[in-house]
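Chains as they are written, first to last, in this note's numbering: chain A, 7 to 297; chain B, 10 to 176; chain C, 13 to 709.
Heads up, some of the hints might be wrong.
Far from chain C, some chain B residues (derived; all Cβ distances over 12 Å) [what the hints assert, rightly or not]: (1) 21; (2) 24; (3) 56; (4) 79; (5) 124; (6) 128; (7) 142.
From the structure, some residues in chain C lie toward chain A, with a derived Cβ separation under 8 Å [to be verified]: (8) 402; (9) 584; (10) 708.
Simulated from the structure, these hints should not be mistaken for laboratory data.
Backbone N, C-alpha and C fix where the C-beta goes; we use that ideal spot for every residue, glycine too.
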Amino acid sequence: MEFLRPLSWEEALALRAGRPDAVPIQGGTDVMVEINFEVRRPGALLDLNPVRELAEWEMAEGRLRIGAGLPYTRLIEEVGDRVPGLAQAARTVGSPQIRNRGTVGGNLGAASPAGDCHPPLLAAGAQVEVESAAGGVRMIPAEEFYLGVKRTALRDDELIRAVWLRPAEGPQHFSKVGTRNAMVIAVCSFAIALHPAERRVGTGIGSAAPTPLRAAEAEEFLAGELAGEPAWGRSLPDGLAERFGELVGRAAAPIDDVRGTAAYRRHALAVMARRTLTWAWQDRLAGTGRS
Amino acid sequence: MDASIRLRVDGQWRTLDVDTRTTLLDALRERLGVTSPKKGCDHGQCGSCTVLLDGRRAVTCLALAVAHDGAEIVTAEGLADGEDLHPVQRAFLEQDGLQCGYCTPGQVCSAVGMLEEVKAGWPSQVTEDLAGPPELDDEEIRERMSGNLCRCGAYPNIVAAIRQGAR
Amino acid sequence: MTETIRARAMGRPLERLDGRDKVVGQAPYAYEQQVTDPLYLHPVQAVIARGRINAIDTADAESLPGVVTVLTHLNAPRLTGDGDGDDRELWVLQSDEVHFRGQFIGVVVAETSEIARHAADLVRVEYERWPHDVELSADRDDLYAPDKVNAGHDTDTDVGDVAAALADAPVVVDHTYRTPMEYNNPMEPHATVAVWDAGGLTMYDSTQGVHVVRQRLAPLFGLDPGHVRVVAPHVGGGFGSKGAPHAHNVLAGLAAQVTGGRPVKLAVTRQQMFSVVGHRTPTIQRIGLGAETDGRLTALVHEVVEHTSRIVEYAEQTAVVSRMMYAAPNRRTRHRLAALDVPVPFWMRAPGEAPGAFALEVAMDELAVACGLDPVELRIRNEPDVDPESGRPFSGRRMSECLREGARRFGWESRDPTPAARLRDGWLEGTGVAASVYPRIMQTGNRAWVRYGPDGRYEVGIGAVDIGTGTWTALTQIAADALEVPVEEVRLRIGDTDLPEAAVAGGSGGLSAWGSAVVGAARAFREKFGRHPSAGDEATGTAPESPAAEDFSMYSFGAQFAHVRVHADTGEIRVPRMLGVFTVGRVVNPRTARSQFVGAMTMGLSMALHEEAVLDPRFGHVVNHDLATYHIATHADVQDVDAIWLDEEDPRSNPMGIRGIGEIGIVGAAAAVANAVHHATGVRVRDLPITPDKLFH
Numbered sequence: 007m008e009f010l011r012p013l014s015w016e017e018a019l020a021l022r023a024g025r026p027d028a029v030p031i032q033g034g035t036d037v038m039v040e041i042n043f044e045v046r047r048p049g050a051l052l053d054l055n056p057v058r059e060l061a062e063w064e065m066a067e068g069r070l071r072i073g074a075g076l077p078y079t080r081l082i083e084e085v086g087d088r089v090p091g092l093a094q095a096a097r098t099v100g101s102p103q104i105r106n107r108g109t110v111g112g113n114l115g116a117a118s119p120a121g122d123c124h125p126p127l128l129a130a131g132a133q134v135e136v137e138s139a140a141g142g143v144r145m146i147p148a149e150e151f152y153l154g155v156k157r158t159a160l161r162d163d164e165l166i167r168a169v170w171l172r173p174a175e176g177p178q179h180f181s182k183v184g185t186r187n188a189m190v191i192a193v194c195s196f197a198i199a200l201h202p203a204e205r206r207v208g209t210g211i212g213s214a215a216p217t218p219l220r221a222a223e224a225e226e227f228l229a230g231e232l233a234g235e236p237a238w239g240r241s242l243p244d245g246l247a248e249r250f251g252e253l254v255g256r257a258a259a260p261i262d263d264v265r266g267t268a269a270y271r272r273h274a275l276a277v278m279a280r281r282t283l284t285w286a287w288q289d290r291l292a293g294t295g296r297s
Numbered sequence: 010m011d012a013s014i015r016l017r018v019d020g021q022w023r024t025l026d027v028d029t030r031t032t033l034l035d036a037l038r039e040r041l042g043v044t045s046p047k048k049g050c051d052h053g054q055c056g057s058c059t060v061l062l063d064g065r066r067a068v069t070c071l072a073l074a075v076a077h078d079g080a081e082i083v084t085a086e087g088l089a090d091g092e093d094l095h096p097v098q099r100a101f102l103e104q105d106g107l108q109c110g111y112c113t114p115g116q117v118c119s120a121v122g123m124l125e126e127v128k129a130g131w132p133s134q135v136t137e138d139l140a141g142p143p144e145l146d147d148e149e150i151r152e153r154m155s156g157n158l159c160r161c162g163a164y165p166n167i168v169a170a171i172r173q174g175a176r
Numbered sequence: 013m014t015e016t017i018r019a020r021a022m023g024r025p026l027e028r029l030d031g032r033d034k035v036v037g038q039a040p041y042a043y044e045q046q047v048t049d050p051l052y053l054h055p056v057q058a059v060i061a062r063g064r065i066n067a068i069d070t071a072d073a074e075s076l077p078g079v080v081t082v083l084t085h086l087n088a089p090r091l092t093g094d095g096d097g098d099d100r101e102l103w104v105l106q107s108d109e110v111h112f113r114g115q116f117i118g119v120v121v122a123e124t125s126e127i128a129r130h131a132a133d134l135v136r137v138e139y140e141r142w143p144h145d146v147e148l149s150a151d152r153d154d155l156y157a158p159d160k161v162n163a164g165h166d167t168d169t170d171v172g173d174v175a176a177a178l179a180d181a182p183v184v185v186d187h188t189y190r191t192p193m194e195y196n197n198p199m200e201p202h203a204t205v206a207v208w209d210a211g212g213l214t215m216y217d218s219t220q221g222v223h224v225v226r227q228r229l230a231p232l233f234g235l236d237p238g239h240v241r242v243v244a245p246h247v248g249g250g251f252g253s254k255g256a257p258h259a260h261n262v263l264a265g266l267a268a269q270v271t272g273g274r275p276v277k278l279a280v281t282r283q284q285m286f287s288v289v290g291h292r293t294p295t296i297q298r299i300g301l302g303a304e305t306d307g308r309l310t311a312l313v314h315e316v317v318e319h320t321s322r323i324v325e326y327a328e329q330t331a332v333v334s335r336m337m338y339a340a341p342n343r344r345t346r347h348r349l350a351a352l353d354v355p356v357p358f359w360m361r362a363p364g365e366a367p368g369a370f371a372l373e374v375a376m377d378e379l380a381v382a383c384g385l386d387p388v389e390l391r392i393r394n395e396p397d398v399d400p401e402s403g404r405p406f407s408g409r410r411m412s413e414c415l416r417e418g419a420r421r422f423g424w425e426s427r428d429p430t431p432a433a434r435l436r437d438g439w440l441e442g443t444g445v446a447a448s449v450y451p452r453i454m455q456t457g458n459r460a461w462v463r464y465g466p467d468g469r470y471e472v473g474i475g476a477v478d479i480g481t482g483t484w485t486a487l488t489q490i491a492a493d494a495l496e497v498p499v500e501e502v503r504l505r506i507g508d509t510d511l512p513e514a515a516v517a518g519g520s521g522g523l524s525a526w527g528s529a530v531v532g533a534a535r536a537f538r539e540k541f542g543r544h545p546s547a548g549d550e551a552t553g554t555a556p557e558s559p560a561a562e563d564f565s566m567y568s569f570g571a572q573f574a575h576v577r578v579h580a581d582t583g584e585i586r587v588p589r590m591l592g593v594f595t596v597g598r599v600v601n602p603r604t605a606r607s608q609f610v611g612a613m614t615m616g617l618s619m620a621l622h623e624e625a626v627l628d629p630r631f632g633h634v635v636n637h638d639l640a641t642y643h644i645a646t647h648a649d650v651q652d653v654d655a656i657w658l659d660e661e662d663p664r665s666n667p668m669g670i671r672g673i674g675e676i677g678i679v680g681a682a683a684a685v686a687n688a689v690h691h692a693t694g695v696r697v698r699d700l701p702i703t704p705d706k707l708f709h
């Protein structure tokens with residue numbers, strides 16, 4: 007197995023172009039599991055750790071650009087207040103040791119349906135910046151990035167450079183149910199982000215379908231019910247959160263597996279959607295979440 | 010394919026040749042004879058191989074040795090100063106925070122790394138107030154130590170040891 | 013009654029003598045033993061559950077630089093014997109047959125572990141697939157009664173007329189309970205380093221008994237036991253799974269024969285452990301209780317269906333707990349097995365009692381509800397005067413005291429029995445109780461020696477092991493008291509077959525067996541050399557006779573209490589508190605003993621809420637074969653777990669007055685949690701683990 011160590015992003019893209027068989031590795035927390043178990047034996051590993059700019063973040067064009075190599079713990083510490091939903095999810099990824107090494111870029115690249123970062127990225131309307139030497143930069147909306155279990159829109163010659171998302175414009179919450187209290191793969195998870203300026207609520211569902219997904223019908227329902235300025239200044243109408251929860255539960259396409267039944271996943275998603283919407287709305291009325 | 014790397018392990022610079030597939034854990038255990046970090050799963054899910062890697066706790070089974078040329082590694086062995094145990098190690102003995110001992114060096118390194126993280130103000134999943142410095146109560150310790158499994162079930166004693174060692 | 017030794021060191025909470033080495037990581041486990049110029053092994057595993065190997069192509073693997081050889085059934089050294097009985101598990105690389113998925117069918121010997129692993133993946137195998145069957149159910153038509161169940165118990169028992177008693181009983185509870193396939197998962201995966209040279213075979217092994225490994229392996233390799241040495245100074249947990257050698261030991265022994273004396277190292281991976289080092293069978297248990305309206309049992313039926321492997325019969329003694337626990341005049345117990353194409357099941361902490369008490373103690377809770385009785389009181393009402401099974405008196409049965417003391421400490425008297433009646437901040441709260449029991453097991457054939465050293469210390473040798481139980485410390489305390497010297501004057505040596513014969517660390521009987529032999533050796537030494545020996549004086553001894561064992565029924569008992577919170581909307585379960593009160597004879601070291609109780613209770617908590625291996629019937633393998641998906645409790649799951657014990661000694665048991673403590677903590681723990689979940693939610697979950705989805709139907 008060849009070990010490729012580019013020192014710059016340009017070099018990384020050049021190496022990537024020449025070695026479509028190379029597996030990019032950042033924190034290593036996903037890729038190494040597969041290597042240790044001979045699940046895959048790539049011809050080469052492309053170690054992106056020396057590419058310093060990947061482990062940085064910046065504000066650009068009013069948006070936050072989070073480098074694909076920024077470890078979760080730094081993300082939480084340095085930009086957590088601007089992306090609270092993503093930060094909440096990041097605090098539940100694997101174990102603390104994993105969070106010291108693992109990255110959002112790795113979570114995206116692995117594209118496990120249970121990956122914790124996907125729901126908040128979907129809810130926040132994040133974009134994934136990918137690049138290749140030949141094709142240049144592409145900006146892919148998060149919801150178009152996930153194609154299937156461990157399949158993404160990333161092309162063979164592309165690497166993930168960063169994720170872009172606007173600093174939270176309103177309250178955000180992430181919720182996850184597991185069968186253990188910590189270090190647990192989600193039975194299912196849910197993220198919500200209020201977008202008051204657009205009079206819209208963003209959603210993200212994890213671990214309840216082959217890909218992470220938005221609950222489109224639930225989003226449309228809320229946008230319709232909460233149309234108009236006055237609705238956003240008042241308490242939630244009775245029954246609205248429950249109905250929202252039902253629609254979120256219905257949006258999922260879960261299966262029975264080792265971690266839980268499909269029926270339970272729908273139930274838990276409905277509960278989480280109802281709770282997170284209620285919390286977010288309380289935050290909004292109290293002025294505690296950003297809005 | 011081999012590569013030559015240097016590691017600073019428990020204060021000593023060591024040079025070694027490694028297969029590009031070799032994990033940091035195997036490099037330590039099999040190439041350098043540093044067996045304080047243990048292999049419990051090779052999967053990042055048990056924490057037995059935890060060391061302080063460039064100052065932060067990390068699982069060495071999910072780190073490639075060749076990607077860590079020049080890294081500074083402190084194992085549980087290096088936390089002790091010769092015969093003098095680190096306060097957390099001393100507390101593990103007094104509170105009986107171990108039984109079979111296999112997860113113990115990883116628990117110890119994880120605890121020491123965790124205490125630094127708290128000192129630096131890092132919040133955890135159970136931290137209520139994200140604005141102030143986290144308070145290290147038992148719930149925080151348990152959440153922050155959950156990357157380290159102990160099948161003997163020494164958890165309550167480990168938490169007690171960390172509480173004691175943190176003072 | 014045997015003469016007990018005076019407790020001076022015993023009863024003191026000595027810190028672990030091996031603790032310092034362990035907190036820095038310097039205590040060497042099997043794989044860490046320093047050997048010169050080792051080779052590394054990686055097994056090849058079958059990917060079918062039943063069939064025959066038609067062809068096995070090792071050419072690609074062998075051509076990989078660094079590969080020394082690849083052994084398969086075609087070229088491996090032959091084992092000695094007929095490969096029958098329990099040896100069938102160890103009969104690796106001797107035939108082309110595949111009996112379960114994951115079976116070892118080859119092994120790569122290479123210069124590094126990375127090369128060995130890579131090469132194992134390059135071995136190409138063609139199979140003739142035969143239909144396989146791994147699905148346990150209670151209505152199979154091929155269930156059979158084994159001749160005996162584990163630990164030599166009878167398969168079935170019948171006392172009185174159960175059918176009539178159940179028909180006449182005013183209160184009847186009759187349900188089916190299930191426990192899943194579970195895995196021991198000690199933190200140290202099974203590992204062995206083998207050296208085969210002119211002197212024979214040396215094995216550094218992660219085992220619960222060095223002598224049992226030698227006894228089992230020496231004949232297979234055609235060696236005199238004296239030419240097999242097994243060494244295990246430190247062992248990273250076992251919980252039963254290291255109580256006998258498994259196939260990997262044989263694989264290492266075979267490989268070591270073809271390396272010209274170079275040592276070979278084999279570490280079983282966490283994933284491989286789900287195929288080759290034993291597991292607890294799933295159980296399907298019918299419990300039928302008949303009682304008077306005041307709760308007094310008139311009938312107790314415990315019928316168990318469980319699996320075994322087709323190649324080796326292992327029959328978990330799940331129903332034995334119901335033979336002696338309560339004073340029901342009519343009792344029936346049954347064990348039926350389905351022989352399936354599954355890996356070989358084996359001991360896991362409290363085999364029999366752990367799954368059996370889950371069913372019995374949940375059923376007792378159901379009976380308490382049915383009778384409108386407090387579950388503590390129900391159990392006290394059903395306390396027998398003598399052992400219902402043998403008719404012998406108990407050497408000590410302070411079960412009621414355990415229940416009462418636990419109830420007092422747990423604040424039980426203020427408990428409202430109404431289920432699903434305590435909702436606080438979205439969480440439903442409940443408490444539960446269950447009884448615990450574990451037999452006192454005395455293994456025979458142990459010897460020890462005592463030598464007086466030139467440094468004025470007594471060296472005490474026996475081939476015992478410390479798998480985390482505290483043997484290094486507690487056995488030193490026993491030796492000190494047996495010799496009537498301070499612990500500082502004792503230097504213990506264990507973990508080596510060069511030391512005298514010792515029983516396996518199992519059945520909660522290690523310390524009883526080894527300690528008795530040490531007492532025998534100390535007495536022999538003092539008789540021979542008196543109080544003022546000379547350097548080099550040495551005496552060997554065995555355990556003193558214990559005639560009372562014939563006349564008394566000896567068990568340890570306990571009561572477990574659990575407080576749970578269940579989220580009303582999501583069904584997430586938290587366990588803020590568990591308390592166990594035990595009566596176990598003397599406690600040699602309160603510090604390490606408490607750890608063992610708490611640890612076993614924690615394993616019971618884990619059994620209650622987390623553990624379940626899922627077999628895929630299509631392929632015959634465990635789907636969740638790693639620690640990411642086979643959950644065991646972690647820090648965040650375990651809050652206030654505490655254990656106390658009644659102050660006592662049991663002089664009828666052995667010269668230390670101990671009955672053993674390693675397993676009783678898991679017995680009843682899962683039932684206490686399940687009963688508390690019922691109290692919290694009103695939902696009775698009869699199949700483990702209790703996951704949130706089972707609380708919503």
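Evaluated hints:
no.	hint	in the structure
1	21	16 Å, holds
2	24	18 Å, holds
3	56	9 Å, violated
4	79	22 Å, holds
5	124	15 Å, holds
6	128	20 Å, holds
7	142	21 Å, holds
8	402	42 Å, violated
9	584	6 Å, holds
10	708	6 Å, holds
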